[in-house]
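Q: Spelled out, the chains give:
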Amino acid sequence: MCKLIRFFYLLIPIHGFRAFLIQKHFAACSVCQKEWGMDQSAKGSFTKPEWIAQEHSLWPQIQEKIHMLGREGIQSGETKKIFLFPRWQWALAGLALLILAGIFLVLDIGLIQRSKKAEVSLALKNPQVNIIHAEIHGKKATPFIYQTSENLYIWFGEINQEED
Amino acid sequence: MDDKNIISRCLMGDGEAFEMLVNRYQSQILHFTWNILGDKEEAKDVTQDSFVRSYFHLQSYDPNRSFKTWLYTIAYNRCMDKIREKQSRTRFTKKMGNEQRLIRRRDNPEKRLEDSEHYLLILKKLNGKERTALTLKLNEGYLSREIAEILGCKESTVRVYILNAKRKLKKFLEKK
Chain A
0 MCKLIRFFYL LIPIHGFRAF LIQKHFAACS VCQKEWGMDQ SAKGSFTKPE
50 WIAQEHSLWP QIQEKIHMLG REGIQSGETK KIFLFPRWQW ALAGLALLIL
100 AGIFLVLDIG LIQRSKKAEV SLALKNPQVN IIHAEIHGKK ATPFIYQTSE
150 NLYIWFGEIN QEED
Chain B
0 MDDKNIISRC LMGDGEAFEM LVNRYQSQIL HFTWNILGDK EEAKDVTQDS
50 FVRSYFHLQS YDPNRSFKTW LYTIAYNRCM DKIREKQSRT RFTKKMGNEQ
100 RLIRRRDNPE KRLEDSEHYL LILKKLNGKE RTALTLKLNE GYLSREIAEI
150 LGCKESTVRV YILNAKRKLK KFLEKK
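For the protein sequence lines, the chains are A and B, in the order given.
For the record, in the first sequence the residue sitting at position 89 is 88 according to numbering that gives the first Met the number 0, with numbers rising by one throughout.
For the record, in the second sequence the residue sitting at position 171 is 170 according to numbering that gives the first Met the number 0, with numbers rising by one throughout.
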């Protein structure tokens, strides 16, 4: 529609006069006539087919479905409601779960590898100590071992004879 | 009897009162769904389904809204479901390489007569939302606000759909 019509609508509040001006304009303006023609042919494209008017009432089929669904639908109504969320919400929830699972997996693998590395380095730094024989002043002594990640402490104590 | 009275009768347990609503809107909903789907049997299926759904959700219907608009909303959503279903089925059949066989089976003379070439060409030119918006505007005389309510979008978006649909149709009709 050309801009003049819009001006008529905007500026002229009196219906009768506005209609008169629009009619006058329409009769002369080829752009508006073409536009109107297009609208009409577009409208014609959406024609109502004859079978719609001839179609029998859909009520019997609808009634049957209502009865059928009414019997089972009322019972399972609650479970059906769960699936009434939009699909994108389910997709989003799934995606969030996947991301979380991924994060946990990455963290978990990282931790396992770190702890393995720590074990290896500890074993290399602090080799196992086996005490075969310990004596203090010709008497059998007991070894005490305390190991940290950095140091290894070994000391010996005398065994109380009375206890033996 | 107006829609609100019929609905309150239905809500009071008078299932038969719903028949009046079916008979009142059947033709309009059929026309609407046919314009979107372009297939008689599918349009009938979706129309039936829309009425059944509206029956089971009558309690959630807001009496301040127009029943017809509410029914159109349900029908529109069902049409979109149907289109999505069809699209995924087509993708699947294409994958399986059965497309040609199915087309041959569907192609009966009665159907060819009904789905006129012209109509199908128009359908292909517009997407679901454009078709719906234009149908409601031209056939039902709905305002952009009401169409927006049915499509669940903004009024400005509806105006864009209608403009695009008109542009596409214009192009198509000018080519012809």
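Hints were generated in silico from the structure; no laboratory data involved.
Fair warning: there could be bad hints in the mix.
With the Cβ distance kept under 10 Å, some of the chain B side facing chain A (calculated, not the full set) [as the list claims (entries may be wrong)]:
| id | residue |
| --- | --- |
| 1 | L137 |
| 2 | N138 |
| 3 | E173 |
Predicted model only: the values in this text are computed from it and were never measured.
Each residue gets a CB set at the ideal place from its N, CA and C atoms; glycine is no exception.
Q: Could you work out which earlier hints the structure fails to respect and list their numbers in ascending sequence?
A: When the structure is compared with the hints, none of them turns out to be violated.
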